[in-house]
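Visitor: Model the full structure from these sequences, guided by the hints.
There are 2 protein chains.
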Amino acid sequence: MQNDNEEFSAGREARLSGHSIIKRDMSSTPRLRSLSIDNINPHVKAAKYAVRGEIASKSEEYRAQLKKPAAGEPQTPPEHSLPFDSVISANIGNPQQLGQKPITFFREVLSLLENPNLLQNEDALRTAFGYKQDVIDRAKWLLHEVQSVGAYSQSAGVPAIRQSVAKFIEKRDGFSADPSSIYLAAGASSAVNTLLHIICSKPETGVLIPIPQYPLYTASLAILNARAVPYYLEEHKAWGTDIDAIRESCTKARLEGTDVRAIAVINPGNPTGASLTAEEVTEIIKFAADEKLVIIADEVYQTNVFIGTFHSFKKCLSELKEAEPGKYDTVELASLNSISKGVVGECGHRGGYFELVGFDKEVQDQILKFISIVLCPPVIGQCLVEMMTNPPVGGDPSYPLYHEEYEAIEEGLHQRALALYKAFKQMEGVEIGEPQGSMYLFPTINLPPKAIEAAKSAGKQADDYYSMRLLDATGICVVPGSGFGQKEGTLHFRTTFLAPGTDWVDRFVVFHKNFMDEFR
Amino acid sequence: MQNDNEEFSAGREARLSGHSIIKRDMSSTPRLRSLSIDNINPHVKAAKYAVRGEIASKSEEYRAQLKKPAAGEPQTPPEHSLPFDSVISANIGNPQQLGQKPITFFREVLSLLENPNLLQNEDALRTAFGYKQDVIDRAKWLLHEVQSVGAYSQSAGVPAIRQSVAKFIEKRDGFSADPSSIYLAAGASSAVNTLLHIICSKPETGVLIPIPQYPLYTASLAILNARAVPYYLEEHKAWGTDIDAIRESCTKARLEGTDVRAIAVINPGNPTGASLTAEEVTEIIKFAADEKLVIIADEVYQTNVFIGTFHSFKKCLSELKEAEPGKYDTVELASLNSISKGVVGECGHRGGYFELVGFDKEVQDQILKFISIVLCPPVIGQCLVEMMTNPPVGGDPSYPLYHEEYEAIEEGLHQRALALYKAFKQMEGVEIGEPQGSMYLFPTINLPPKAIEAAKSAGKQADDYYSMRLLDATGICVVPGSGFGQKEGTLHFRTTFLAPGTDWVDRFVVFHKNFMDEFR
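Protein chains in written order, with UniProt numbering: chain P, 1 to 520; chain V, 1 to 520.
No wet-lab data here; the hints were simulated from the structure.
These figures come from a predicted structure and were not determined experimentally.
Careful, some of the hints might be misleading.
Note that identical chains are pooled: a pair holds if it fits in a single copy or bridges any two copies.
Cross-link-like lysine-lysine pairs, in silico, BS3-like; alpha carbons within 27 Å at most [stated by the list, open to error]:
(1) K140 - K101
(2) K58 - K450
(3) K167 - K369
(4) K48 - K202
(5) K286 - K321
(6) K487 - K369
(7) K48 - K487
(8) K425 - K460
(9) K252 - K48
(10) K58 - K361
(11) K422 - K487
(12) K361 - K67
(13) K202 - K369
(14) K487 - K456
(15) K237 - K286
(16) K315 - K286
Guide: Structure representation (structure tokens):
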């Protein structure tokens, strides 16, 4: 548990180091600058975010070395001594960096939003560029609603877009959704930041966090000087939840003085890809109702599901409310969605939303004030949220191509996941379940004792060491399991299955064999 | 000072109320929910942000009542009982909401970035839409650098865009700029949030803030549970700085136990519009060097200057370094710029940057980690930063139109500022200096005692009351001076001069006369 404890107790460590900093400031040693590593915000220092950590930085350096010049730039032959010709950024779910094509309908509409002058020649749009009437109509309607994509919107987002999101949720779940409880956000990361800012009222505040988790949660809690309360997912049960383990974590934390106020659930899972069953979701809701916990349902992978079905927390909560009227009315649910993941994959546009259910009105007012301080989410990202939640449907001129593209991306992801899974399955010491969804695989690696020794000598954890060696040998960048949390004595890594082709998978297989041979 | 004290001591109040919250949580009263106004983060509660406060919310309600249906929506005749037909959002610098046209070159390039398929028919772009070759070339180059605007970039921004920003700064100042010290951001608000997160290490941390100020600063400090240390700008000296007053504020705060670590300077001023002289800037730098303070130079209005000249902190610091080599090497300067203001006015795209000078390397690493947690600024916004800092130049095919549009916007802003100024100058009890720059006027209003009484009866501050009455009577939304801070016994409001036409100015004049008559 040592590594994990280090991660989870970041808040407490930070407070301790905060005390020593006050002492240091009071000393009479003259300072060169205002800011040094010893006197900046200790909570920022305590935050860890391995998805863009040391290995990712190094991969960017390699990428810069391999970068091809732009057209018109001097075409010097690439000079490098790297043992690979391309960097594969499998550390981060960044589909379009790895060649995933954007959905044509979305981008055609965005081009008109950015340059409404194009609408002055609709004929040319149709004849020279194949723009369909629904593209033109959607752009006109969005322009009417936003005035200009260069103007600030209301802080919670453009009212008409909040309505489209509400309709999407109603259609998805079969239960009503209130546009005034939907808040557009600059991606789900921004939504999590907002929610945790409201919840974390003091250093004793705790939030239940799945392990493994997407490290945004522990990093944000560290910065807010609050406590991550870990609950372990069950690797042997395809990374499902165990409500008894959750309850036990919560009870234990409360006995230790932690004021547990919320539970974060990532469904489908990151880094695991697992979709929870309706029973698992319902159990968590009942538990949260009993314990008066806000549920933060991170549902950004809701359309990336290969095994099982996505069951939204909103739907399961609504069913509970229908079954036992009155009993669940004050359950506080914040459910998150994003344009970054799914098949849309538009993460560079920074768009997303969260829906609040059961929140106190005065608390919602404070949330609105908080998000107002940074004015509004990017308006183009908001327009993408609108189109993601209100895409072309059968009969619309753009539907056939939209449908074809959507299916192809979905199918491509699944096929690449399966190919990678098959390769991993045959690698010595690697344990992996069938790909379930999201954009990731999170295999266990069993490394020889000599490799673990070598890692220690290099001052690294074994999964860190393995991942850094992988990058140096192949250009493939993955994230060590310690970046997400893992049970004591286990080692993992997370890789996306976004990169096309099989060349990089072959590189991975060869590296792994050599690595195992080296340390056998 | 009462109002101001309330604002500045927000951090301290928050800590006090934090204690009472802990007590409440420990009580045995059963809670309905996890979150109530009494137990959420007290520091978020303490934050005030009047730019989007109660008056702005009400203006949005009026706007919704007056909204015209989109094409195709039922054309019901507008039914409302409001005494005006349009809402004028003069509370916020939102140029394109008020009809400012975007720069054609920027938006043509963005349309190609959003839909690169358009580049497959360059002839049609040229013939049907008048796209020039430099538009096409710029789009191709940016696409090469970003891969896709839908992909995450590096956390600090696209390397090539950081280089364009560095070149812009070099050209502006005549001194070198290091691309690796330039960080792209989702607007300057996001940059301020990052910097204050790093600086605010404990409740005693203080940051010198001008009064009046843009309330992002006090709001962010309240959320971070740190202290705003006010220094007053000199209204009688056209809102310039008084270095003695700044020094006195700093000394007094330190004697009271505040660890003053940074000084924020907004230049040109918001809400005042004033440009500091080179001497004023240099004095502040010397003061910061002596006192070991980080300088946060908020320079987002650098191109909106009617009186005086913009002197960047970077340039003045570089000149000091040149004059006395070695002496100023450890002065820490963070200078901010944005696509939201200036003539560009693309605030809905959320783009900006900050340049760090003199920062410790380890501290910069922590800044990079912090911004990595939310992944990257919107990539389209980054591309706009690129074009703002690297616009068409003489000889480029797009230059003539770019130049014409740029000048027209600049000139239009100045003309509207002068028209509003003339109207205000003739209003009874209003004191106002000539418009100096930015997008705002910040006149003093002297209200009759009866009006101040009426405000008290309504439970409002007098400037709040006046502004709310203005909105209710005319649909014009301004921000009361108390939202920015003002000297005791003075009243102001901030209005943008972005709205076109003179009708709204006439409405304002009539309202003011009636208001004064009512309370004389």
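Visitor: Hint by hint, note whether the structure agrees.
Guide: Each hint, compared with the structure:
| no. | hint | result |
| --- | --- | --- |
| 1 | K140 - K101 | both (24 Å within a copy, 17 Å between copies) |
| 2 | K58 - K450 | within (25 Å within a copy, 68 Å between copies) |
| 3 | K167 - K369 | within (25 Å within a copy, 37 Å between copies) |
| 4 | K48 - K202 | both (20 Å within a copy, 20 Å between copies) |
| 5 | K286 - K321 | within (11 Å within a copy, 64 Å between copies) |
| 6 | K487 - K369 | between (39 Å within a copy, 25 Å between copies) |
| 7 | K48 - K487 | within (18 Å within a copy, 43 Å between copies) |
| 8 | K425 - K460 | within (26 Å within a copy, 69 Å between copies) |
| 9 | K252 - K48 | within (24 Å within a copy, 37 Å between copies) |
| 10 | K58 - K361 | between (47 Å within a copy, 17 Å between copies) |
| 11 | K422 - K487 | within (25 Å within a copy, 71 Å between copies) |
| 12 | K361 - K67 | between (52 Å within a copy, 26 Å between copies) |
| 13 | K202 - K369 | both (20 Å within a copy, 24 Å between copies) |
| 14 | K487 - K456 | within (19 Å within a copy, 62 Å between copies) |
| 15 | K237 - K286 | within (21 Å within a copy, 64 Å between copies) |
| 16 | K315 - K286 | within (14 Å within a copy, 61 Å between copies) |
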